[in-house]
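Asker: Read top to bottom, the protein sequences are chains F and Y.
Mind the numbering: the first sequence is residues 1 to 369 in the numbering used here, read in order.
Mind the numbering: the second sequence is residues 1 to 369 in the numbering used here, read in order.
Since the hints were derived computationally from the structure, they do not count as laboratory data.
If you're wondering where the values come from, they're calculated on a predicted model, not measured in any experiment.
Note that beta-carbon positions come from the ideal geometry of N, C-alpha and C, so glycine has one too.
Be careful, since some hints might not be right.
[As the list claims (entries may be wrong)] Computed, partial: chain Y to chain F, Cβ under 8 angstroms:
id : residue
1  : Thr19
2  : Val69
3  : Arg70
4  : Val71
5  : Ser76
6  : Thr86
7  : Thr115
8  : His135
9  : Cys137
10 : Tyr305
11 : Asn306
12 : Ile348
13 : Leu355
2 protein chains.
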Amino acid sequence: MAAAFHPMSEFADMIPPETYDRRNVPPAILTGRMNAGNVRHRLQLLNRLFSCLEGAARVHCARRGYSPVRVPNIVSTIGACENWRTLFKVDHASSYFHLLTQTGQLFLEGALTATDRVWCLTKSFRKESLEDHRHLCEFHLLEIEGAFDFEGLLEEIRGLYCALLDAVRQWEDTSTKVALGIEDAFLDHQLSRGLLQRTYTECIEALDGLRWGDDLTPELEGELLKHFGDGQTPLLVTHFPAAIKFFNMRMEDGDGRIVRSVDLLLPHSGEALGGAEREDDPARLEARLRASDMFRHHLAAGGSYNDFKPYVTLIAEGLTPRHSGCGIGMERIMQSLMRQEDIRLCSIDHLTKVLYAWDALNLGVPRKG
Amino acid sequence: MAAAFHPMSEFADMIPPETYDRRNVPPAILTGRMNAGNVRHRLQLLNRLFSCLEGAARVHCARRGYSPVRVPNIVSTIGACENWRTLFKVDHASSYFHLLTQTGQLFLEGALTATDRVWCLTKSFRKESLEDHRHLCEFHLLEIEGAFDFEGLLEEIRGLYCALLDAVRQWEDTSTKVALGIEDAFLDHQLSRGLLQRTYTECIEALDGLRWGDDLTPELEGELLKHFGDGQTPLLVTHFPAAIKFFNMRMEDGDGRIVRSVDLLLPHSGEALGGAEREDDPARLEARLRASDMFRHHLAAGGSYNDFKPYVTLIAEGLTPRHSGCGIGMERIMQSLMRQEDIRLCSIDHLTKVLYAWDALNLGVPRKG
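With the rest of the complex left out, here is chain F (with noise of 0.2 angstroms):
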């Protein structure tokens, strides 16, 4: 059963070394471009860009319906299992509970027992060796979770984005929007066409050199957004292969080979959402969890089926009707209203650890700014 047990109380007292890999920061901060009060002062702007598209989610979600929730952040596998080659794992070493979280949506699938919309913001965590231009071990999830199918679902995304761009567009503090790069041209370019839209098979067609079945690297994104719009404008791709996808994708119907997925491509951040139709075939449900990588993975560590089996027993039961979502990242989305190439210059995280960091960086002394 869990033959890799180990005794984290071992690690107890561990505090790893005092420096912080300068392969993680900015090169505009490594050079100096960036002070500490230039930093200080981008947080400052990035909190009230946050707060401006937190506050419109928060509005819109209402009006749709859906009700908020809270999902916990130290989880069994349920909430972290969407990349289980990123989880990270905390000292708890009896506990069955010892991961953080990557996603809250089987919580939210759970929550549409009692309702039937429902809506989270939290953070969700990836241990990435190092973050770069465009990975955060940590950053903002704004999921969404409905009783809709996968066309309703692709209406609800369209609503959604367009709040966030509408609200930012309507902002009126202007200096911040200025300082942060972002453009209204670029804002009004998007809410006049909207979102393109085309399926995964469409996309490995237009692209030279792919098969069916591989995955779109984010030189490929960008590529795509050229291809199909002039690189400014934002792409749904549908209908991905169910190989490379999570395992309670609704299957299309009249074709084991697709699911009802949706991702929703940005210019300049490429990937900022994720979501789909569930499954809610039990049987094939189960036989796509025990096919899954992700669950391969899980058994090789020590892990059963019964890990999975509250939420398999949640559709099995029929106690959530048919339904959707998705998950948003938020930086992905300051990053691409910024037009910016560096997500860790989206991240207010990130930032502040830099900041907290100073010292251990060799930075020298900070200033204000």
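Following the hints, put chain Y in place on chain F, whose structure we already have.
Answerer: Chain Y in isolation, oriented as in the chain F frame:
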């Protein structure tokens, strides 16, 4: 430097046992008095109450000129030094940031370089061996920090606490109020009386068998509420001994033994808030940091003074105005409002986890409520 350091990568594949210690779980659930359907229903009610309180805090803070900020949750000792006995570590062996947040306080203090009042709502993580009727491994912490002195802080606390209470009093969702056991009479009683206020020394003198310097236990907190009031009126306890409080609480002028700190004790839940004016004399700050139990533990575990330098520098360079702040445990507020003796029944996180450990707890098939 890092004598006790040990590579966490050994744990890369560790999954703990499949069982969830039943001692974590409230008796009401273990005995079957609450089934899964009851828990789901309660989660819905608690989410509504949380939204009511969170919304009230947001509106109140905006009115009082506080800017909302966000703080990281995977931190260095700067964000995790409130209670070194309950530090959670994550398996990020080579990272400077490897602890889970206990408080955003030192980050909020840093944000005062840019604006003079800030607030945040974050998760606070405590590695309790078990969750019990008074202890949770994760809870929501509402924190304010601003450019005011100790008297100003007390005024802010009174205002914020009454704003939360008043929002619940005015709340129109009366069926949720009734279902959660919240009584308007209890709210009216508190709103009409306001908060009692006594010094720590007065508290020690009022109780039998205590010596100056002793900490207040939960049992003593309950006795104090009865001694100075009717047991149902909150009590602000001020001016604690420096030795039992956080290193950066400001010394009371003329008395090196006492700090300008405050705890708020609530009926039914006990200590729900801790706050203080912050030390702004760099020499005294450094001396008190070095003399603290927390720092001794930090050194023993391989840390160094440098880990606190980014914070001490803020104060030494005079980058922040003289300031004060506090943190409020949201679940303790909810517990008091519901006059509930078991905090686990007031925690969305705890009850969500129980629901998803239903099989591991051998609680039978979850039923729809």
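Asker: Next, verify each hint and record whether it holds.
Answerer: To see whether the hints hold, each was checked on the structure:
no.: 1; hint: Thr19; in the structure: holds (7 angstroms)
no.: 2; hint: Val69; in the structure: holds (5 angstroms)
no.: 3; hint: Arg70; in the structure: holds (5 angstroms)
no.: 4; hint: Val71; in the structure: holds (7 angstroms)
no.: 5; hint: Ser76; in the structure: holds (6 angstroms)
no.: 6; hint: Thr86; in the structure: violated (11 angstroms)
no.: 7; hint: Thr115; in the structure: holds (6 angstroms)
no.: 8; hint: His135; in the structure: violated (13 angstroms)
no.: 9; hint: Cys137; in the structure: holds (6 angstroms)
no.: 10; hint: Tyr305; in the structure: violated (10 angstroms)
no.: 11; hint: Asn306; in the structure: holds (5 angstroms)
no.: 12; hint: Ile348; in the structure: holds (5 angstroms)
no.: 13; hint: Leu355; in the structure: holds (7 angstroms)
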